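**Student:** For reference, the chains in residue letters:
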Amino acid sequence: MAKKILKRSDLTKLVASVGKAGGAFVAPKAVANGLVEYVFIKKADEIEFDYIVPGKSFKEANFPQTEVVARFKNDPEGVTVEGVELNPPRVVIFGARPCDAKSSESLNSVFTWDFIDEFYTKREDAMVTITVACTTGDNACFCTSVGIKPDDTDGSDLLLRETEGGDFTVEAVTDKGKAFIKEEKAVFTEGKATPKERTIFEPRKLDVDLEKIGEYLKDTDHYEGDLWADMARKCIGCGSCTYACPTCHCFDITDEGGFSETERRKNWDSCQFDFFTLHASGHNPRDRQYKRWRNRFMCKFNIYPGKFKTKGCVGCGRCVRVCPVRLDITEVMEEISGA
Amino acid sequence: MKNLYLPELVTIEDITNEAPDVVTFRLVFKDEALKESFEFKTGQFGLYSALGLGESTFCIASPDTRKGYIECTFRKSGRVTGALAAMSVGDTMGFRGPYGNAFPIEDWKGKNLVFIAGGIGLPPVRSVIWSCLDKREDFGDITIVYGSRAVADLVYKEELAHWEERDDINLVQTVDPGGETPEWKGKVGFVPTIVKETAPKADNTIAVICGPPIMIKFTLSALEELGFSDEAVYTTLENKMKCGVGKCGRCNVGDIYVCKEGPVYTAAEVKLMYNDF
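Protein chains in written order, with our numbering: chain W, 1 to 339; chain F, 1 to 277.
These are computed hints drawn from the structure, not numbers from a lab.
Among the clues, some could well be false.
As the list claims (entries may be wrong) - Here's a subset of chain W near chain F, in silico, CB distances under 10 Å, partners left out: (1) Q65; (2) G78; (3) G83; (4) D117; (5) E224; (6) L227; (7) M231; (8) D252; (9) S260; (10) Y290; (11) R294.
Said to hold, decoys possible - Mimicking BS3-like on lysine-lysine, the simulated pairs with C-alpha atoms at most 27 Å apart in a straight line are: (12) K291(W) with K196(F); (13) K218(W) with K234(W); (14) K309(W) with K271(F); (15) K271(F) with K218(W); (16) K240(F) with K307(W); (17) K73(W) with K20(W); (18) K185(W) with K205(W); (19) K218(W) with K260(F); (20) K307(W) with K271(F); (21) K3(W) with K13(W); (22) K260(F) with K122(W).
None of these values were measured; they are calculated from a predicted model.
We treat Cβ as the ideally placed atom computed from N, Cα and C, and that holds for glycine.
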């Protein structure tokens, strides 16, 4: 049976149809010279097709950089507290990459670990992830080295593959994806034959062994080794890697506004900042930058796979691309794999 | 929608000045139904809000044997604790919790107990002390070793006086050398030294310790010398926390989330942890 087709020219109809139903449409867009980001778009001609991965992942769609969780009012009558009631509209993520799609599983595992963070889950439930398999990449991409393929379906509701003619073949992955195809049947057409698909990109294969890295990190003695100080010495603690990372989940809770009216917000934070773990007493468990860097590595290759049974690193390469001092996580992965 | 980050309103019913910049609040839920239904276990902690300025994490310093209120003791040290310390009886603040695990007090029936605390480390131990004192007949000998830098820094002075008077408690108070006053009748010396000197017998005994990291470190060695096994020594860890529910990512010691898997651990468990304190 021939695969269903989504014609590039039909995206106009799809964007309009999602919008008409009250949904929002997120897609890669060239927002500045050379910079592509996932943003809310209104028209299909805003969509950028020539990109590797957008600057940041689409985690902002279900884990916004800042969001109000409660509001307080202080007035002579007393104090009132009001929680935010979230009823997110459907959000269609178009042009996701398999690495980013996979990262949803990781964030979900943290935000639903025993206590359920409905600010996350409600948004995720309302999200339809339409992934486009990678036909392009760069030297920073390393998904196959962490067990993900450039045309993986995990975490996606629909997986699209570009055809030679610039359209897309459609693979429904989840029930949510199948339902979406039904709803938008005008744009998901069936042809007689499947057109020829473009070749999937093959990223460089690192010389890494995730199991070995996991074993290495399980040994608490290895926390003391010189490796961390040596390899992470150049880190300047800017936190760029954590903001760009699709699986980084750390946040702060802060009150913003005046004393009479305040919003309590959940804001992205970073384990790379020195204040992050600073105690009131002045003691700081991670008082050196290498310890903060070590924590991030530990989170990716021990805590996520060990505790949450999900991937801490999806190989998107963003941290490698954005690091201002070129501290390349893959070099540390390779070093430990060879240790 | 269930909102994990929404605080409950509590009224400050009583304030006790414990030491310079250290106060205890007695808090009562505004919501009558919650006031009745609220339950916690000794060892758990909460997030306390100065609404409009933020949240701070403290243990629940009152015992779970006392219903209808909770207490917290904190030192004024930053924006939130500064604002809280400026509040008066009758004022409203926020509370989220209880979170974390608890001391397995039920398992200690028939055992002797040794409580060791330093400075502002007494509040979490105090909740255990009262939980046990409220069921005094369940336990054997009770020894409390408490020290601070100086006499003025000792917290719960009234309770210390009460414990001193009771003949079913052996209370040993100490201050660091140089911290004594002319009237001081207690010991002079660091907590680990005084623990060794007091030499509680390790047989059939549980020890609970809390204090600054350096005190804990040397007290653990002292207890080891006295023959305590690591399984019989409990402590409660403190780390910076924002969410209290295992999401915000900052209280972890290696792969252990203190807010969810702690804060109460045995010394044996602590020794297996990554050096990430």
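**Student:** Taking the hints in turn, state whether each one holds.
**Tutor:** Taking the hints in turn, this is what the structure says about them:
{"no.": "1", "hint": "Q65", "in the structure": "violated (15 Å)"}
{"no.": "2", "hint": "G78", "in the structure": "holds (7 Å)"}
{"no.": "3", "hint": "G83", "in the structure": "holds (4 Å)"}
{"no.": "4", "hint": "D117", "in the structure": "holds (6 Å)"}
{"no.": "5", "hint": "E224", "in the structure": "holds (6 Å)"}
{"no.": "6", "hint": "L227", "in the structure": "violated (14 Å)"}
{"no.": "7", "hint": "M231", "in the structure": "violated (17 Å)"}
{"no.": "8", "hint": "D252", "in the structure": "holds (6 Å)"}
{"no.": "9", "hint": "S260", "in the structure": "holds (8 Å)"}
{"no.": "10", "hint": "Y290", "in the structure": "violated (12 Å)"}
{"no.": "11", "hint": "R294", "in the structure": "holds (8 Å)"}
{"no.": "12", "hint": "K291(W) with K196(F)", "in the structure": "violated (34 Å)"}
{"no.": "13", "hint": "K218(W) with K234(W)", "in the structure": "holds (25 Å)"}
{"no.": "14", "hint": "K309(W) with K271(F)", "in the structure": "holds (25 Å)"}
{"no.": "15", "hint": "K271(F) with K218(W)", "in the structure": "holds (14 Å)"}
{"no.": "16", "hint": "K240(F) with K307(W)", "in the structure": "holds (20 Å)"}
{"no.": "17", "hint": "K73(W) with K20(W)", "in the structure": "violated (36 Å)"}
{"no.": "18", "hint": "K185(W) with K205(W)", "in the structure": "violated (39 Å)"}
{"no.": "19", "hint": "K218(W) with K260(F)", "in the structure": "holds (20 Å)"}
{"no.": "20", "hint": "K307(W) with K271(F)", "in the structure": "holds (20 Å)"}
{"no.": "21", "hint": "K3(W) with K13(W)", "in the structure": "holds (20 Å)"}
{"no.": "22", "hint": "K260(F) with K122(W)", "in the structure": "holds (23 Å)"}
Checked against the numbered hints given earlier, this structure breaks hints 1, 6, 7, 10, 12, 17, 18; the rest are met.
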